[in-house]
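Asker: The listed protein sequences correspond, in order, to chains A and B.
Going by the working numbering, the first residue of the first sequence is number 99, and it counts up by one from there.
Going by the working numbering, the first residue of the second sequence is number 238, and it counts up by one from there.
Hints are computed from structural coordinates only; laboratory data are not their basis.
Glycine is no exception: its CB is placed at the ideal position from the N, C-alpha and C atoms.
Careful, some of the hints might be misleading.
Stated by the list, open to error - Pairwise CB distance ranges (calculated): (1) M377(A) x A272(B): 52 to 58 Å; (2) P130(A) x G306(B): 47 to 53 Å; (3) H151(A) x T451(B): 40 to 46 Å; (4) L373(A) x R351(B): 33 to 39 Å; (5) P135(A) x S378(B): 52 to 58 Å; (6) D257(B) x L173(A): 54 to 60 Å; (7) I455(B) x L368(A): 36 to 42 Å; (8) H151(A) x N280(B): 48 to 54 Å; (9) N301(A) x T451(B): 26 to 32 Å; (10) V168(A) x S378(B): 53 to 59 Å; (11) N280(B) x M377(A): 43 to 49 Å; (12) A315(B) x T160(A): 26 to 32 Å; (13) N280(B) x L373(A): 58 to 64 Å.
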Amino acid sequence: MSTAATTSPDTPSTTPSEVALHAALASGERPPRVSAPVACLAFAGRSMRKIRHVPEQLLDVTITPVLFLVMFVYLFGGAVAGSTDDYLQFILPGILVQAVLFTTVYSGVTLNTDMTKGVVDRFRSLPVWGPAPLVGAAVGDLVRYLVAASVTVIVGFALGFEAGGGVLGVLGGIALVMLFAFGLAWVFTTLGLLMRSPSAVMNTGFMALFPLVFLSNIFVDPSTLPSVLESMVDLNPVSHLVTAVRGLLGGTADAGDIGLVLGEAAVLTLVFVPLTTRMYRRA
Amino acid sequence: MPSSPHLAIETTGLVKAFGDTRAVDGVDLQVPTGAVYGVLGPNGAGKTTTIRMLATLLRPDAGTARVLGHDVVDEPDAVRRRISLTGQLASVDEELGGHENLQLLGRLLGYSRRQAAARADELITAFGLTAAASRLVKNYSGGMRRRLDIAASLVVTPDLLFLDEPTTGLDPRSRNEVWAIVRALVSQGTTVLLCTQYLDEADQLASRIAVIDTGRVIAEGTPGELKASVGRSALHVRVLDPERRDEARAILARGLGDSVHPDPDPVGLTAPVADAEEAAEAISALTAAGVPIGGFSLGQPSLDEVFLALTGRPATDETPEEVAA
Ligand SMILES: Nc1ncnc2c1ncn2[C@@H]1O[C@H](COP(=O)(O)OP(=O)(O)OP(=O)(O)O)[C@@H](O)[C@H]1O
Ligand SMILES: [Mg+2]
């Protein structure tokens, strides 16, 4: 602050005036019940406002993908693919997936932190559609995914990535990753309600995510792996997602690949949304 | 079976256990509408657990509870439409501004964006929070946070408001402000269930009080009835020198018996007395013995004494645990 401390920040608030108080109390008529979508949007707005108050919280979402991209392309590119340019073409869709999927763990961490605060009691005592706070937060998290995805793609283009799929392919790839992340995040919100502390959620979440990410086709072509590993990689839903996204970005999209990912996202959502909701209500 | 229309809350045999702890152990309450009903009890008595069951946040293990005529388990949504809760932990979002909190709740309660903003403005002004409207709540002082928390419960004026220890940790001025808000609310027809460990708070605000201890209601009635049940007036004496309080206690005990007990105030002593004469004799015994006193008063027994009479220990005494340790 540039101004001298003439007014203390803790200026005592004015005492509530009797008249204004009575008037305010008299005018609180109850409007009709809010619809479920509006309630979800209101909760999504809550997440947005928090980002606006503390934009730094987007920092790791922004920096991690850049680090990974630069590190992998220039450190391993020559060794793995013969040239950094070829490796960039190969790895960018994978880094896009990885960057967004890592972000989903934070949904669980955020929910776990929320649960220790009294405000959850207020939300749960409101006459709104029960899952609204959770769905709203999940919708708000889409913004984080979008930031992580955009940063990855933009840095990729800056390094010389060529998208054979064009603008539509890139947008489609980002959309598919975000959809899958939306489903996966519910696994971590369930975890967020099971665990006792935010750091436990964080550790368990990443412990679960690391093998999925590294035992996938993000970094290497699975056909170069021993056959046991190769079949594990082929079964991994993250590999399915990477394959579909590679197709979309490269302009060789396969409807079957995309359909498989959409199905897996739907299963995650249908299993874990009711689970999280039930636990949230009983908490 | 419809419950009586003049009861805001009616519970029978309400039970909630956490593992081996029976936090609420068969609570029967009849809370009439249109007044403050005090639930008074020390730490761990089961106040918050009771409120959470009544506000549909926690499922009772046994017993029934009807809130404004609706069963809390069978019709939680009907209950939620008519209540508000200001919990013991700040039930506002610390990472949002004050105005943002109220606006969010306005939206969630069914106002349009514009109406929600207008309602938030109105409450911010009425609760004296104008200067802090856009500041993050985590930077609020305790008193401001409490006021915002209560304002958040009044975005739509509820028929029944749960207040869980609304003045714990507040300075006397902020406490008086909260009391003024509660009184204003009741004068407009809202019923308030007030949990507190402060005996004078219940005495000031509540028209009826339930005293609870270890999950059970151990007494119920108007503040006057509770005091009358102790049956005697109370003599309060303040000695000048805290070192000599024990000496004074011994002298008083000669005339008044073993029930003379020290107050939390290190120079205070309290004893039940039958009448003014007995009190006067006790005071003269003190002065005759040369123990200087700073003052004395004879009054109705405080709720502290009620608690002592009901449980055999003062409400704020931690002694049993200290002895066990
Ligand atoms: N979620 C919980 N898990 C385990 N035990 C609990 C839980 N909530 C409350 N308890 C226990 O139940 C008992 C009653 O707690 P409660 O919070 O209802 O008391 P209280 O009267 O509100 O106390 P205070 O004045 O300290 O707020 C305590 O022994 C407490 O430790
Ligand atoms: Mg409590």
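Asker: None of the hints should be skipped; say for each whether it holds.
Answerer: Against the structure, the hints:
1. M377(A) x A272(B): 52 to 58 Å: With Cβ atoms ~37 Å apart, the hint is violated.
2. P130(A) x G306(B): 47 to 53 Å: The hint (47 to 53 Å, Cβ to Cβ) is violated, given that P130(A) and G306(B) are roughly 21 Å apart.
3. H151(A) x T451(B): 40 to 46 Å: Once the Cβ atoms are compared, 43 Å apart, the range 40 to 46 Å for T451(B) and H151(A) holds.
4. L373(A) x R351(B): 33 to 39 Å: holds, 37 Å
5. P135(A) x S378(B): 52 to 58 Å: violated, 37 Å
6. D257(B) x L173(A): 54 to 60 Å: holds, 57 Å
7. I455(B) x L368(A): 36 to 42 Å: With a Cβ separation near 50 Å, I455(B) and L368(A) fall outside 36 to 42 Å, so the hint is violated.
8. H151(A) x N280(B): 48 to 54 Å: violated, 35 Å
9. N301(A) x T451(B): 26 to 32 Å: violated, 38 Å
10. V168(A) x S378(B): 53 to 59 Å: violated, 47 Å
11. N280(B) x M377(A): 43 to 49 Å: Because 29 Å falls outside the window, the suggested range is violated.
12. A315(B) x T160(A): 26 to 32 Å: violated, 46 Å
13. N280(B) x L373(A): 58 to 64 Å: violated, 35 Å
Going through the hint list in order, the structure does not satisfy hints 1, 2, 5, 7, 8, 9, 10, 11, 12, 13.
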